[in-house]
Each structure stands twice: as structure tokens, then as C-alpha cells.
Amino acid sequence: MKKTLAVFQKEIKHFFYSPIAYIVIAAFTLIAGIFFYLYLSSFVEAAMMDMYRSQQFRQAPQRFNINLQLIRPFFWNLALISLFVLPLVTMRLYSEEKKSGTVELLYTSPLSVANIVLGKFFAGIVFYLVMLIPSFLFMGLLFIYGDPEIGPVLSGYLGLILLGSAFISGGLFISSLTENQIIAAIGGFGLSLLLWVIGWASNYSGPGLASVLNYLSIINHFEDFAQGVIDSKHLIYYLLFSTFGVYLTFKSVESIKWRS
Amino acid sequence: MIEVRGLTRYYGEKRAIHNVSFEVRKGEVLGLLGPNAAGKTTAMKILTCYMPPTSGNAKVSGYDVWDQPMEIKKITGYLPENPPLYNDLNVLEYLDFVAKIKGIPADQRKPAIASAVEKAALGDVQKQVIGSLSKGFKQRVGLGQALLNDPHILVLDEPTVGLDPRQIIEIRELIKRLGGDHTIILSTHILPEVEMTCGRVVIINEGEVVAEDTPENLTKRLKGSERTIVEVVGDEKAALSTIKAFSEVIKVNQEKIAKNNHLRLTIETSSDIRNDLAHALVKKGLGLYELRTEAYSLEEIFLHLTTKEEVA
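Chain order of the listed sequences is A and B. Using this note's numbering, read the first sequence as starting at 1 and increasing by one per residue. Using this note's numbering, read the second sequence as starting at 1001 and increasing by one per residue.
For the record, the hints were derived by calculation from the structure and aren't laboratory data. Keep in mind that this is a model prediction, so the values were computed, not measured. Virtual Cβ for every residue (Gly too), placed ideally from N, Cα, C. Everything hinted at is true.
Now the in silico label distances, taken between C-beta atoms and shown as ranges:
#	chain 1	residue 1	chain 2	residue 2	range
1	B	Val1129	A	Ile31	28 to 36 angstroms
2	B	Glu1071	A	Ser205	52 to 60 angstroms
3	A	Pro73	B	Tyr1011	49 to 57 angstroms
4	B	Gln1128	A	Leu193	36 to 44 angstroms
5	A	Ala114	B	Asp1124	33 to 41 angstroms
6	A	Asp231	B	Val1161	57 to 65 angstroms
7	B	Gly1199	A	Ala114	37 to 45 angstroms
8	B	Glu1071	A	Tyr215	41 to 49 angstroms
9	A	Ile236	B	Tyr1011	41 to 49 angstroms
10	A	Ser205	B	Val1161	58 to 66 angstroms
11	B	Gly1180	A	Ala114	32 to 40 angstroms
Construct the complete structure from the given sequences, taking the supplied hints into account.
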């Protein structure tokens, strides 16, 4: 446990001592901000138009739901940006150690594979949490100037974190296979994207396969969270997915140690 | 302390080491000597439990590399060929991380780091980011890391590569000091290093042990006979015939020294004939400028052993 913590702390230092962390966080926040601005503008415009129309035709104004019409698509976009950005976070987690030869230090120290892999995985998660913090600002604005429900916002963040942990576990696994960070980034992105779009194929397959594909699709499980529903089915999917990714990393690290 | 028995390791089809066996006693400094790609690093990686052998076995301090790698890792310090450093951490942060993963308890960490900093002479750079250090300092940070858990066994893979001459001398002094308390294996292809620091040498070539002995014995073993160097001025034919008249002489090589036109003769003999030779040469009226015996250097032994030439 202490050794896992040591690896974790070292990874966190790597993140924040290098400019990559700040660039990644800035890019994530900027793109999220643009999406937020666009959604907010169109939401406000629609609400204004409706108010104008209701006065003109002396009708009761429509009820606009800020959770459904603004926050939900915004969460979906945060998930999409995570898809692009997280491979850049996970790419160096393992590859860099292999490239610089520091794996020799890790493997010849009294560390278990679990110490190494879990330390790195949780460092990735914590980095992702830090990356999400600036988006609280956007949500805060909505709470100041509107009255959204807090529930769907919290469940949306929970969904994002679970989705992110799935991406991170997959990216960590890919990173453990190569000493080239570019390959690790592209591989991690490819894997995440594949799991994202795999559900689309269900439209063109038989009913049996369709349900499998839909289940595998990483984004299908996110919908409910964004709408404020925490379904244990989806929770378990993400937890299983992350565990599996960490397990594969574990196995790949072990095999590197024992391959002849 | 370390027992290596029939170690063999393949990388895919490629054989890195084959049937390597040797022993290291407690407190001894053993040199693994061999040309590049001879299998020194492979042997060290197996001993430090970085990877297992394909076959064979090794015991470190009674622990088996197959069954108890964790125990071995706890008592071993390893400096790989490229020091395993994190360039974005500073020296103290790095050593602190290594201390933690080596399981040094929190209350002993500070003194352990301080003593490693002192031993590796890192005092001046301890707050510096590792990436900004010179090659020599990086090597020393790597060494500091290896010394951190006060290991019973130190495995150093080419510890003096990339250092300037003064640093090399310092590191060698350090290694000599550490021997005795620590059991040390160091690999190198620099021969004087072995002669200066190691109590015993194992020479590896193409993955196999070709010789194992003390540096002195290796030198003796190569040559039961002596080699005498003579520098004379005068009648060269007379000098040659005088020398060849001795029954102890096995072989004579001659060369002209360009700058003073003296004749240098390298004579292989079965025993020391310097005294008689001097008398004989002077009697012939030759000017005798130099007369000395010379032992074969480790370089020559090394070349003989690793180029598969017949040793005289």
C-alpha cells in the first residue's frame, strides 16, 4: 500500500512537473468552454424566442428544462473531449519508463506488479479529476443564474469519472505494450474510439449480436448518468471495464518480466 | 554469497549467455569482464531478478532467483548500464522515491538518503533537477540510488562509463571502500579498472565464461615464462646471436626504435636470465640501455582469451 502510494505520488509529480499536464488541462477547458458557450447561447436564444412568441400570441410560455436541454448535451460533449484527451494523459504512464530504462529500477526494487500498475492507474484517475475541476465553473454559472437540479449534475460527473477510468485503464494497457509514446497515444485513442462507435454497428446486425455490441459500447452506458439516472447495470459495466483494463496491464507487465 | 550455476538465457533464438557458473564470496569485489555484447548485462539482470534465466539457477545470499526474487531485491542495489533516472525530479525527490519503493521505513529515510548523498558525493547538486545534470553526476545519482538501502550486494553495470578521469578515480576508490562490507559485482570492458578494483575476475566472451581467477593469477597463468625487454646499441647481429645462445630463450622479437636508432628486443624466456644476459651483452661490447622483465598485462590476456588465439 505504501509502495503503491509512492508510485502514485511519483506519477503525479511527473504530470505536474511537465508542461503536458497544463497544456492538456488548458485544451480540455478551452474546448469545453466553447461547447458550453454554444449550448448556452442556443438555449438562451430558444428561451427568448419562446417568451416573445408567448407574449405575441398570449399563450403560456413553454417550460424549458436546463438540465435536459443544456447540461445533458454538455456532459455528452465533456465525454467526447475526454475521448480525445485521455490518450495523451495515459500515453506516457508506462511507455516512458520503458524508453528511459527506469523499468529496470522498478523491476529490481522490492515492488509488486500491483504496486506499479495501481499506482499509475490511480494517478491517471486523479489527473482526470483535476482536469474536470475547471468545468465546475461552467456549472457554477448555471446555478448562479438559473435553477438546475443538482442531482443530474452530480450523476453526470460520476458518469464522466467512470467513463474516464475506463479510458484510462485501456490507455494504460496500451502504454504498457510499447516504449513509444506516439504509438501508445494512437493505440489508446483507437481502442477508446472503437469502443465508442461499436454500438453503431448494432443497427446492421442480428438481434443477438446487436445486444452484445450495444452492451460493449462505452458511451451507451453513459446516457443514463447524463440524464440523472444512476443504474447499477452501468456502474458495474464501467467498474468491470476498468478492472479488466488494469488486469490486462498487470498481465502484460508480468509477461514482459518473464518473456524469454 | 552469490552462487551462479549453469545460467543460460536466450532472447528468442539468440543466445545471450550459456552455462555460466561462478561464485562470489562475501565482501569480495568481482569483475565481470568481456567485450560489448558478451552477456555481462544479461548475467547481471538475472542476478538482480529483472528477468529469469532460461535455464540454470543462481542463489543470492541463499535466496533463489526463481523462488524468492522479492528477498533478493530487498538486499540488492543495482546500477544498470543506463542509470534509471527520472529527469523531471530533483535529486532528493528521486532518492526519496527510491527509498520508499525499497521499503525503507519513514523514520530511517532521511538518514539513508543523507548517507547515499554523501557516499556518491551529490551534496552540491541535491536540489537540482536530474535532467539538467551532467553525465557524470547522473551516473553518481544512479550509484546513490543503488547504495540507498545499504545493500548487502551491489551490482554495478559499467559504473565508470561517461565519467571524467578524476570522477573515475573517485568511483573506483568508492568501490574499493565499499568492498568488504558489501559484496560487489561490477562489469566493465575497461581492463585497468578490473586490475585496480577487483579481487577476482570472471571473463565472459560470447556468453560463456572463458576464465575465472584473480587478476594476478590470470597474468601468471597466461605465461609460465618471463618476458624480458632489452634495449641495445651496437652490432645487432652480435646482439641477436648472443641472446639466442641462451638455452632459456624461446622467442625473440626485434624492433628498431626510430628516434635514437636503438634496437629493442623482446625475449621470451623460461626463466629469469637478466644477470647472465647483461654480462654477455656487455662482454660483446654492446651498449646496454635497458634491461627489464615485463608481465603480460590483462589486456593481452583478455585479447588472447576473447579472440580465441592459442595462448603461448
